[in-house]
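Participant: Taken in sequence, the protein lines are chains V and F. At the far end of the first sequence sits residue 401, using numbering that gives the first Met the number 0, and the numbering has no gaps. At the far end of the second sequence sits residue 726, using numbering that gives the first Met the number 0, and the numbering has no gaps.
Hints are all accurate, no fakes.
Computed beta-carbon distance windows for the label pairs:
| hint | chain 1 | residue 1 | chain 2 | residue 2 | range |
| --- | --- | --- | --- | --- | --- |
| 1 | V | 297 | F | 257 | 12 to 22 angstroms |
| 2 | V | 195 | F | 333 | 19 to 29 angstroms |
| 3 | F | 495 | V | 185 | 48 to 58 angstroms |
| 4 | F | 621 | V | 229 | 34 to 44 angstroms |
| 5 | V | 255 | F | 6 | 18 to 28 angstroms |
Just so you know, the hints here were simulated from the structure itself, not pulled from any lab data. What you are looking at is a predicted structure, and each value in this text was computed from that prediction instead of being measured. We treat Cβ as the ideally placed atom computed from N, Cα and C, and that holds for glycine.
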Amino acid sequence: MNEFVETLLELTWHEPKSSYDVVIIGGGGHGLATAYYLATRHGITNVAVIEADYIGSGNSGRNTTIIRANYGIPESIRFYNHSVDLYRNLEAETGCRIMHANKGLIWMAHTESGMRAERSRVQLNNACGVETVLVDPIEIKRLCPQVDLTGGGRYPVLGASFHVPGSTARHDRVVWAYAQGAMHRGVHVLQGTSVTGLLRDGDRVVGVKTSRGDISAGIVMSAVGGDVSTIAAHAGLRLPVRTHPLQAFVTNGYAQGLGPIVSSTDLLCYVSQTARGQMLIGHEFERESSYSRQSSFQFLQSCSLKMAYLLPFVRNLKILRQWTGRCDISADFSPIMGFTGVEGLVITTGWGTWGFKGIPAGGEQMAELIATGRTPDLIAPFALSRFAADHPMADQGSTGTR
Amino acid sequence: MRIVVDEQPIEYAEGDSVAVAIVRADQHPQHGGALCLAGDCGNCCAEIDGVAFTRTCLTAARPGLRVNRHPAVGAPPLHPDPPVNPVASPNHVASTVQRERADVVVIGAGESGTAAASAARAEGRAVTVLAGELGHDVVGVYPGPLVIVRLADGDMLHVHAHDVVIATGAAELHPVCDGNMLRGIFTAGAAEKLSATGVDLGMVATVELEQLRSIEGSDGHVTGVVTADGTSTPCHSLIVTSRHTSPRDLLARMVSDPHVHAAGAAGAHFELPPCPTTGVVCACSKVTVDDLQMVWDKGFQHLELIKRASLCGTGTCQGGACMPHLRAFVTAKSGQAAAPFTGRPASRQLTIGEAAADMHLDPFRRTALHDEHIALGARMDRFGGWWRPWNYGDYLDEYWAVREGVSLGDVSTLGKMIVSGPDVVEALERIYPTTIHDIRPGRSRYVLLLNERGHLIDDGMVCRETSVDGTDRFVLTFTSGGASFAEAWIRDWIESWGLDVHVLDRTLALSAINVTGPLASELLRRVGLDEPPRFLQHVHADVAGVPCHVLRLSFTGEASFELHHPRIHSVELWQALMAAGSDLGVRPHGLQALFALRLEKGHVIVGMDTEMDSTPRRLNMDWAVKLDKPNFIGRTALLRTADLDDRRRLFGMTMDGPAPVEGAPIWVDGQIVGHVTSSFHSPGLGKTVMLGWQKHTPFADTVTIDDRPALVTHPPFYDAEGARARA
Numbered sequence: 000m001n002e003f004v005e006t007l008l009e010l011t012w013h014e015p016k017s018s019y020d021v022v023i024i025g026g027g028g029h030g031l032a033t034a035y036y037l038a039t040r041h042g043i044t045n046v047a048v049i050e051a052d053y054i055g056s057g058n059s060g061r062n063t064t065i066i067r068a069n070y071g072i073p074e075s076i077r078f079y080n081h082s083v084d085l086y087r088n089l090e091a092e093t094g095c096r097i098m099h100a101n102k103g104l105i106w107m108a109h110t111e112s113g114m115r116a117e118r119s120r121v122q123l124n125n126a127c128g129v130e131t132v133l134v135d136p137i138e139i140k141r142l143c144p145q146v147d148l149t150g151g152g153r154y155p156v157l158g159a160s161f162h163v164p165g166s167t168a169r170h171d172r173v174v175w176a177y178a179q180g181a182m183h184r185g186v187h188v189l190q191g192t193s194v195t196g197l198l199r200d201g202d203r204v205v206g207v208k209t210s211r212g213d214i215s216a217g218i219v220m221s222a223v224g225g226d227v228s229t230i231a232a233h234a235g236l237r238l239p240v241r242t243h244p245l246q247a248f249v250t251n252g253y254a255q256g257l258g259p260i261v262s263s264t265d266l267l268c269y270v271s272q273t274a275r276g277q278m279l280i281g282h283e284f285e286r287e288s289s290y291s292r293q294s295s296f297q298f299l300q301s302c303s304l305k306m307a308y309l310l311p312f313v314r315n316l317k318i319l320r321q322w323t324g325r326c327d328i329s330a331d332f333s334p335i336m337g338f339t340g341v342e343g344l345v346i347t348t349g350w351g352t353w354g355f356k357g358i359p360a361g362g363e364q365m366a367e368l369i370a371t372g373r374t375p376d377l378i379a380p381f382a383l384s385r386f387a388a389d390h391p392m393a394d395q396g397s398t399g400t401r
Numbered sequence: 000m001r002i003v004v005d006e007q008p009i010e011y012a013e014g015d016s017v018a019v020a021i022v023r024a025d026q027h028p029q030h031g032g033a034l035c036l037a038g039d040c041g042n043c044c045a046e047i048d049g050v051a052f053t054r055t056c057l058t059a060a061r062p063g064l065r066v067n068r069h070p071a072v073g074a075p076p077l078h079p080d081p082p083v084n085p086v087a088s089p090n091h092v093a094s095t096v097q098r099e100r101a102d103v104v105v106i107g108a109g110e111s112g113t114a115a116a117s118a119a120r121a122e123g124r125a126v127t128v129l130a131g132e133l134g135h136d137v138v139g140v141y142p143g144p145l146v147i148v149r150l151a152d153g154d155m156l157h158v159h160a161h162d163v164v165i166a167t168g169a170a171e172l173h174p175v176c177d178g179n180m181l182r183g184i185f186t187a188g189a190a191e192k193l194s195a196t197g198v199d200l201g202m203v204a205t206v207e208l209e210q211l212r213s214i215e216g217s218d219g220h221v222t223g224v225v226t227a228d229g230t231s232t233p234c235h236s237l238i239v240t241s242r243h244t245s246p247r248d249l250l251a252r253m254v255s256d257p258h259v260h261a262a263g264a265a266g267a268h269f270e271l272p273p274c275p276t277t278g279v280v281c282a283c284s285k286v287t288v289d290d291l292q293m294v295w296d297k298g299f300q301h302l303e304l305i306k307r308a309s310l311c312g313t314g315t316c317q318g319g320a321c322m323p324h325l326r327a328f329v330t331a332k333s334g335q336a337a338a339p340f341t342g343r344p345a346s347r348q349l350t351i352g353e354a355a356a357d358m359h360l361d362p363f364r365r366t367a368l369h370d371e372h373i374a375l376g377a378r379m380d381r382f383g384g385w386w387r388p389w390n391y392g393d394y395l396d397e398y399w400a401v402r403e404g405v406s407l408g409d410v411s412t413l414g415k416m417i418v419s420g421p422d423v424v425e426a427l428e429r430i431y432p433t434t435i436h437d438i439r440p441g442r443s444r445y446v447l448l449l450n451e452r453g454h455l456i457d458d459g460m461v462c463r464e465t466s467v468d469g470t471d472r473f474v475l476t477f478t479s480g481g482a483s484f485a486e487a488w489i490r491d492w493i494e495s496w497g498l499d500v501h502v503l504d505r506t507l508a509l510s511a512i513n514v515t516g517p518l519a520s521e522l523l524r525r526v527g528l529d530e531p532p533r534f535l536q537h538v539h540a541d542v543a544g545v546p547c548h549v550l551r552l553s554f555t556g557e558a559s560f561e562l563h564h565p566r567i568h569s570v571e572l573w574q575a576l577m578a579a580g581s582d583l584g585v586r587p588h589g590l591q592a593l594f595a596l597r598l599e600k601g602h603v604i605v606g607m608d609t610e611m612d613s614t615p616r617r618l619n620m621d622w623a624v625k626l627d628k629p630n631f632i633g634r635t636a637l638l639r640t641a642d643l644d645d646r647r648r649l650f651g652m653t654m655d656g657p658a659p660v661e662g663a664p665i666w667v668d669g670q671i672v673g674h675v676t677s678s679f680h681s682p683g684l685g686k687t688v689m690l691g692w693q694k695h696t697p698f699a700d701t702v703t704i705d706d707r708p709a710l711v712t713h714p715p716f717y718d719a720e721g722a723r724a725r726a
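Same shape as in the complex, but just chain V (with noise of 0.2 angstroms):
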């Protein structure tokens, strides 16, 4: 036995009904993590969530985990720092073990624009109670002994901003605490069901259609990743959403000895090694839009050499595979979550590459916000309404892409 199949939970799976108070449409993360919100916070368990493949086959089977909140805008910031606040007590509260390490995250510049773009990072983020701080050369050295401060002769690092906070853990794990304590409460997590179309009454949403049949539901949320925009165009919803493939590729597993998560400003690219040993290196999501998941040889060429340039160690480490997902971007590269101006739709998306890390505080707000009929204030900003009202949360630079 490995270490790593010891002490996961139960999951319960039901038929499905042909009726819900709340039908969640995406069994990833944020799916299943507003149902087990919606279950304990609020004590409301006719939820039923459908996937159309099995739980966690999208983006949330295929980040690379880190945790963090060293945003540029304070909405954000405070945002993801709840999340941080949520994934670190997240073992005590589900019972299982997400594997949650706090390693700490370096975002290192190489150039006098990218230092200041740290300096400012540190600056908001303690203002926010967020410890970020900045780092030289030789605290980097210290941090991160592997680091060629030089980067490879081509990337010289002049700094860096050190995220204290920054961890990262299991992906399937999370969703797995998610969904076993949404489906030990009462939740139907249907796997395997395809939703084909909702049922509206009038201008009111009041339903899916699914694979299995129609079900009635007293408000559908949709926490769809990927196909996002085909969903809202089924209550007749525009989206400023584009969809791009996002590549990772992952090491064979080695003793621990990368200790901090460590990314670059200037190539785009970050590595930590989990649990198993493995290094996981991500990189900035593809220009072009696409729903592929084909994976790419020029992906794998590029974010090996800034690999190599930033960690030289890593060249003679064996790839094992990479992957594809598929991220929604928002118009401002910021999430939206809540209303959607349709009845008894609310959304949950423009999670792009950011995802993973806003799962516990994303599924937490919008349990609120279903379960109130009011939106809090710690989403407010990123209702979907921003976009006609004009008042945008651009924060581009603290998403790791460009």
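Fit chain F to the given chain V structure using the hints.
Facilitator: Okay, now just chain F, sitting in the frame of chain V:
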């Protein structure tokens, strides 16, 4: 001839793979597990010359080759700093990539592969055959199709093909039963290879996998085997045969492309082996049948969920050895045939160094004056895709040279474009939010470049030339970082409008030197420019014998002349200016001083002070937008948002004392309302000047930054009337 295993020399025979040599010494490349010697499983992986997870069965033995077995418990160590260019091993960094094109790539030289290759050749198609026995280790098949291969000598081979035929055949099954991680277990194929090379396996028992109950052993080595009928047979080595095989279909499963075909056994339907009941299913991740049963009982009743919950199939061999057993387990439990999970590249492991072989990133550009800057002691920094001087030692010296004397700045990186043609005025009226038609020849105007959303994407100057033959001609400038985007942007719009405009991008052909400071005119007179242009005018003239387009403007706040000139004359012009101004104290200035100087004038830098969605209104630059023009890019969006409540504005601010860090939060009544985008403690003004955002209304007149009060104001902070720029 000897290799070295865990620091112990081991004899090997000519032609041995490392795995065969180790077995010849009655050892195991790991600590147990069946060996197939065919590259299908991960049971023979070891660290070879510092590279762990290397298949010893695919590595030829050579004298002195160092093998370190992976630890029995835990993972192989990380080596902090591997050598850059190891001579001894081809496994570190492949230096060369060979590239080929083929009509058809056939992977596999067995019966099906040979047949496929012959058939394709008969159709007159160019065929490349890739096979392990030919020294090809096929790493992956990617969309294209593109086939990535590692060659025996360590080079990489990338083959672009019209069609790919995957004819990799079938693999032998590994036994799954109690005792299957002992040493001394071989597949029939492995046993055949060993026998052919004269390896003595001692007392051998041969058992069919379907008849296997358990394997007995002591000290980690096989001592006997028990078959389904309960018969126990002592042996030193166990050979496992099987009626079943497993398709080698990982390559076929990793790409969905109509031009990628599986042929022969690799694509055939296979009968699954019996459901395993005991033993290790996945040796790479050490997953037992009991583990599978446990996760199944916990509700993980889906092949992908079982994989993720147990990690079965996620190790080195990517399911190569365990997939048929895992599928047999799920099929037996669920009663439904379980398809294999998605194949992921890379199918054969390559190192990060090998993946990166022959990869290059875009070069950083250097101006023609790069060496001059270095000689003058500049600290270079990358900005906007170029190497540029950050400072030449002390940026305040440079600041004062601009304010009180004369200074040179290398602005060669600015985007420079000539546009002309019958429709050029119409095109520019549509591209820019400013009025263009009333710019007189010889004059220039500052312009914003907006996208369709009304967001600022660049800024620059529009200079109208004297018309030649009645044809209008303009010179446009753009920011350094925005130049290449702007060229595509302008060409695409003109193309889509169908306007008759000729666009000539001169960014890389022309260098530019900014001569700035109160003594700039004097310096230019000394080098032959007797009548320097007036503010916002531009002329063509020889300067120090170099033909220049001279633009009079001001970013620094002082009289400034941009000398645009052919790149080949840059060094001579720079040196002439430096020489002619030596008694005027001329010195160059870098970006650090420039950022301070422009901040005193309140000039924004796109991307530093602006955000991705900064409208002119948010930047207090409505004056540069003429909404009453009939049509320009971004007009529709600006009209839509003109009446909306706007909560964001970029303001100037001043305060006493040292400059806050750029990025410092701006507070009002204990709330963060925004942040400082640029700050500078001006020695000339005796106070700190700043730009920064307020993102909450009503906008405050006084704010708190660094626990100190700051006064909100409108720039410029320096020479508000612009007398010095016009002087």
